[in-house]
Amino acid sequence: MSEKATQPKRVLVTGSTGAIGAPLCQHLLGRGHYVRGFARRPTPGRGHYVRGFARRPTPG
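Positions 1202 to 1261 (the numbering used here) are the ones given, in order, by the sequence shown.
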């Protein structure tokens, strides 16, 4: 299988700053996908995040 995605996808990763979510985001980015993370505590300067908890997005 090719390292780069043939057709880049838009992907939302929940728990994107966690132990599994952070490496998953890096893997998807490395394959050429557009990744947006959803996390309770986004890491400043580490990409595009939506801040929230469960199904209730919070302003920020």
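No lab work stands behind these hints: they were computed from the structure. Any given hint could turn out to be false.
[What the hints assert, rightly or not] What follows is a set of in silico ranges between Cβ atoms, one per label pair, in the way DEER data are often shown:
#, residue 1, residue 2, range
1, Val1212, Arg1242, 19 to 27 Å
2, Arg1241, Val1212, 13 to 21 Å
3, Thr1207, Arg1241, 17 to 25 Å
4, Thr1207, Arg1242, 18 to 26 Å
5, Arg1241, Gln1208, 27 to 35 Å
6, Thr1207, Gln1227, 33 to 41 Å
7, Arg1211, Arg1241, 17 to 25 Å
Just so you know, even glycine gets a beta-carbon here, dropped at the ideal spot from N, CA and C.
*Could you tell me which of the numbered hints above are not met by this structure, giving the numbers in increasing order?*
Of the numbered hints, 3, 4, 6 do not hold.
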